[in-house]
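Place chain D on chain B using the hints.
Protein chains: 2
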Amino acid sequence: MDVKQYMQSVGQRARAASRDMARAKTAAKNAALLNIAAAIESDQAALLAANAKDLAQGRLDGLDAALLDRLELNPERIAGMAEGLRQIAALPDPVGEISDLNYRPSGIQVGKMRVPLGVIGIIYESRPNVTADAAGLCLKSGNAAILRGGSEAVHSNQAIAAAIHSGLAEAGLPIDAVQVVETTDRAAVGELITMPEFVDVIVPRGGKGLIERIARDARVPVIKHLHGVCHVFIDGDADLDKAVAIAFNAKTHRYGVCNAMETLLVDSEVASIVLPPLAQKYAEKGVELRGCPRTREILPEARVATEADWDEEYLAPILAIRVVDGLDQALEHLHRHSSGHTESIVTEDYSKARRFLAEVDSSSVMVNASTRFADGFEYGLGAEIGISTDKIHVRGPVGLEGLTSQKYIVLGDGQIRV
Amino acid sequence: MDVKQYMQSVGQRARAASRDMARAKTAAKNAALLNIAAAIESDQAALLAANAKDLAQGRLDGLDAALLDRLELNPERIAGMAEGLRQIAALPDPVGEISDLNYRPSGIQVGKMRVPLGVIGIIYESRPNVTADAAGLCLKSGNAAILRGGSEAVHSNQAIAAAIHSGLAEAGLPIDAVQVVETTDRAAVGELITMPEFVDVIVPRGGKGLIERIARDARVPVIKHLHGVCHVFIDGDADLDKAVAIAFNAKTHRYGVCNAMETLLVDSEVASIVLPPLAQKYAEKGVELRGCPRTREILPEARVATEADWDEEYLAPILAIRVVDGLDQALEHLHRHSSGHTESIVTEDYSKARRFLAEVDSSSVMVNASTRFADGFEYGLGAEIGISTDKIHVRGPVGLEGLTSQKYIVLGDGQIRV
Numbered sequence: 008m009d010v011k012q013y014m015q016s017v018g019q020r021a022r023a024a025s026r027d028m029a030r031a032k033t034a035a036k037n038a039a040l041l042n043i044a045a046a047i048e049s050d051q052a053a054l055l056a057a058n059a060k061d062l063a064q065g066r067l068d069g070l071d072a073a074l075l076d077r078l079e080l081n082p083e084r085i086a087g088m089a090e091g092l093r094q095i096a097a098l099p100d101p102v103g104e105i106s107d108l109n110y111r112p113s114g115i116q117v118g119k120m121r122v123p124l125g126v127i128g129i130i131y132e133s134r135p136n137v138t139a140d141a142a143g144l145c146l147k148s149g150n151a152a153i154l155r156g157g158s159e160a161v162h163s164n165q166a167i168a169a170a171i172h173s174g175l176a177e178a179g180l181p182i183d184a185v186q187v188v189e190t191t192d193r194a195a196v197g198e199l200i201t202m203p204e205f206v207d208v209i210v211p212r213g214g215k216g217l218i219e220r221i222a223r224d225a226r227v228p229v230i231k232h233l234h235g236v237c238h239v240f241i242d243g244d245a246d247l248d249k250a251v252a253i254a255f256n257a258k259t260h261r262y263g264v265c266n267a268m269e270t271l272l273v274d275s276e277v278a279s280i281v282l283p284p285l286a287q288k289y290a291e292k293g294v295e296l297r298g299c300p301r302t303r304e305i306l307p308e309a310r311v312a313t314e315a316d317w318d319e320e321y322l323a324p325i326l327a328i329r330v331v332d333g334l335d336q337a338l339e340h341l342h343r344h345s346s347g348h349t350e351s352i353v354t355e356d357y358s359k360a361r362r363f364l365a366e367v368d369s370s371s372v373m374v375n376a377s378t379r380f381a382d383g384f385e386y387g388l389g390a391e392i393g394i395s396t397d398k399i400h401v402r403g404p405v406g407l408e409g410l411t412s413q414k415y416i417v418l419g420d421g422q423i424r425v
Numbered sequence: 008m009d010v011k012q013y014m015q016s017v018g019q020r021a022r023a024a025s026r027d028m029a030r031a032k033t034a035a036k037n038a039a040l041l042n043i044a045a046a047i048e049s050d051q052a053a054l055l056a057a058n059a060k061d062l063a064q065g066r067l068d069g070l071d072a073a074l075l076d077r078l079e080l081n082p083e084r085i086a087g088m089a090e091g092l093r094q095i096a097a098l099p100d101p102v103g104e105i106s107d108l109n110y111r112p113s114g115i116q117v118g119k120m121r122v123p124l125g126v127i128g129i130i131y132e133s134r135p136n137v138t139a140d141a142a143g144l145c146l147k148s149g150n151a152a153i154l155r156g157g158s159e160a161v162h163s164n165q166a167i168a169a170a171i172h173s174g175l176a177e178a179g180l181p182i183d184a185v186q187v188v189e190t191t192d193r194a195a196v197g198e199l200i201t202m203p204e205f206v207d208v209i210v211p212r213g214g215k216g217l218i219e220r221i222a223r224d225a226r227v228p229v230i231k232h233l234h235g236v237c238h239v240f241i242d243g244d245a246d247l248d249k250a251v252a253i254a255f256n257a258k259t260h261r262y263g264v265c266n267a268m269e270t271l272l273v274d275s276e277v278a279s280i281v282l283p284p285l286a287q288k289y290a291e292k293g294v295e296l297r298g299c300p301r302t303r304e305i306l307p308e309a310r311v312a313t314e315a316d317w318d319e320e321y322l323a324p325i326l327a328i329r330v331v332d333g334l335d336q337a338l339e340h341l342h343r344h345s346s347g348h349t350e351s352i353v354t355e356d357y358s359k360a361r362r363f364l365a366e367v368d369s370s371s372v373m374v375n376a377s378t379r380f381a382d383g384f385e386y387g388l389g390a391e392i393g394i395s396t397d398k399i400h401v402r403g404p405v406g407l408e409g410l411t412s413q414k415y416i417v418l419g420d421g422q423i424r425v
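Residue numbers (this note's numbering), protein chains in the order written: chain B, 8 to 425; chain D, 8 to 425.
Next up, chain B with everything else stripped away, as it sits in the complex (with noise of 0.2 Å):
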């Protein structure tokens, strides 16, 4: 297969379908969305059968029990996706909406109209159930989608896909408006990200190393969800049952997310009051502390902390805690230190929370709440294609409104420009 030959039909028709969808009325786009999710259900036989493949295929390769339960599908995990699907149906249509539409001196009015982006380009890895969200995402946004997913996982891929196109035509809509890329070849990544005619933005969901490859090598905006280091500074105004709940939440509610806490800031005035608590669930829970000098003087117990530990995202039972003098070194910390995503504060001062809300670049700050909330389903957005660490376009988690964009609308009577 000539895969640079391939990639440019796929965009091709990806692009010609992006004009029907981005006119499709909202009943036919919710009509789709529902056929999916039924044929989803209905060809649970199928999907199963194909992913059998990939986990037999996965085993001879040797992948690892995470990788190999990532892959997995099951008859839980298929009404999962069809359930996300229809919750997807179930949210309000983003495209057409207009905004601040005003009269302006000239006499025209002005306002915005929210519009699909065109064609989104989806990298992801093994979890076959990403290929049903993704495609949901896009669909409801009005977009076409070109979704390249992992190589493990190409024959659950290939049956979901099939299920997307008949829901699709079920509905009227174009079946190219969803695309399963068909080759393994990884030629093919480097090909979507380049092909700006076809694709208007590319978002990557994978480990750091992925996505800034795909960054540096993009001829086409990314929306890039790097990595979260994320925070929470106890303030020496804390409420310190407050604070015993969230620095134990965000950190051990879950330890393979993002938004799980990685880095538990102290102030020194309440440090030798909160830390020793707290270390005591965290070790009933078997989290390894790692901590400053002045941490280690109220827990010795705690390992050293390096200086690398305050860049690190553990994705584990790991926890690296500071003690700082009040809220500005707290500040610096994060500005030298964070990675971007989520950082709360805990704290019962007005002023501190205030300035803490204003001045820390976070996609997520937050005041007396886990960093855990630093999700789509608990912002409202309904489901989330991804968390963007960028500033551009859109920052944190990314629902349907980050996949459209605003173009201004102009409602005259004749007025003309004197």
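What the hints contain is simulated information worked out from the structure, not anything from laboratory work. Think of the CB as a built atom: it goes at the ideal place given N, C-alpha and C, for glycine as much as any other residue. Check each hint, because a few of them may be wrong.
Covered stretches of chain D (chain B as the covering partner; in silico rule of three or more C-beta atoms under 8 Å from a C-beta of chain B) [claimed, not checked]:
1) 223-230
2) 235-243
3) 302-308
4) 367-379
Just chain D, lined up with the frame of chain B:
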């Protein structure tokens, strides 16, 4: 001079200054803008002397009259720069604006806070007043700016930079918040667009060739303004008086601007009625007409339009005219030839107006108004740094809001994920 080392140092200082600018109070930013306006006026003699050097060198270098005109400063233009800065001071501060703050079922409040982008690199050509305009917009939106003007304006730009620095310092803001690149070495641009660690976004202002080169080589997001092949479509249900007025104004109000009409589409139902009076008005203005065969049946004096004419941004008293059969053919022409800048339909038909607004994929889509309204001042943005023909981040005229982003804020009372 080691250009790479110099630009790295400019970048580092901009990044450091951007932190202070992000938390600068509205009053300090406004004071700086007013100080700079006053300094530009009181330094008028120095500005004119510096500009005289640039003009003398430009004449030696054989710059053409149009370029020399753009390069020239005079008391009126200096007053215009100062007035522009005062207008920016009078605009509301976009930074810190909180929107959509709502309670979620978990008890947290989730909203968005508008924040600066960080460091903005602006690359522009001969007109020295861009130095003051761009600095003012970046300053008010809480960003640090690195300005790289045309080498032919280097003395003028440095003189304006001196006024900017004195105005910033007097208001207690860091002078590194606005840096005008001192070297005329072209390698400086190459460095500026490949320092993502120091620069968050690039705004190039200039010809299509310059912008395409920058977009191709940049490792930083670029807010692109490519070109404006703008259209007016006179529908079969147009009010013909409005149609003549709008089509005449859109072409002849100013020729060398991106929102001028370059192609007129006319429904065959009204072509023979509306084209003759329009052609007479164009003839009085000396506008050259280039028509499709059906246009030339009605206007035999029109030249033959070639296929290339449909994609041409004339920026001159030339107009391409095509007769089409109804809205669908007009939309098809726009799909193939529009540059995505601004298109306007003239019609009294509700359904066709509604379809045109929804289906035309341009940064501004108008009904019964001249394309010349596509402008930051006319839209009420107060000022603009350019007009984006991109879909990502910002589309259409870019004012203060386009130089900002939104982060999520979460207000809780001790909430944890369960």
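Requested in this report: Closer than 8 Å, Cβ to Cβ, for at least three residues: run that test on the segment 223-230 of chain D against chain B and report holds or violated.
Outcome: holds (count 3)
Query - Coverage of the segment 235-243 of chain D by chain B, judged on three or more residues with CB within 8 Å - result: violated (count 0)
Requested in this report: With a C-beta cutoff of 8 Å, work out whether three or more residues of the segment 302-308 of chain D approach chain B closely enough for the coverage to hold.
Outcome: violated (count 0)
Query raised in the report: Are there three or more residues in the segment 367-379 of chain D whose C-beta lies closer than 8 Å to some C-beta of chain B?
Result: holds (count 11)
The structure fails to meet hints 2, 3 from the earlier list, while all remaining hints are met.
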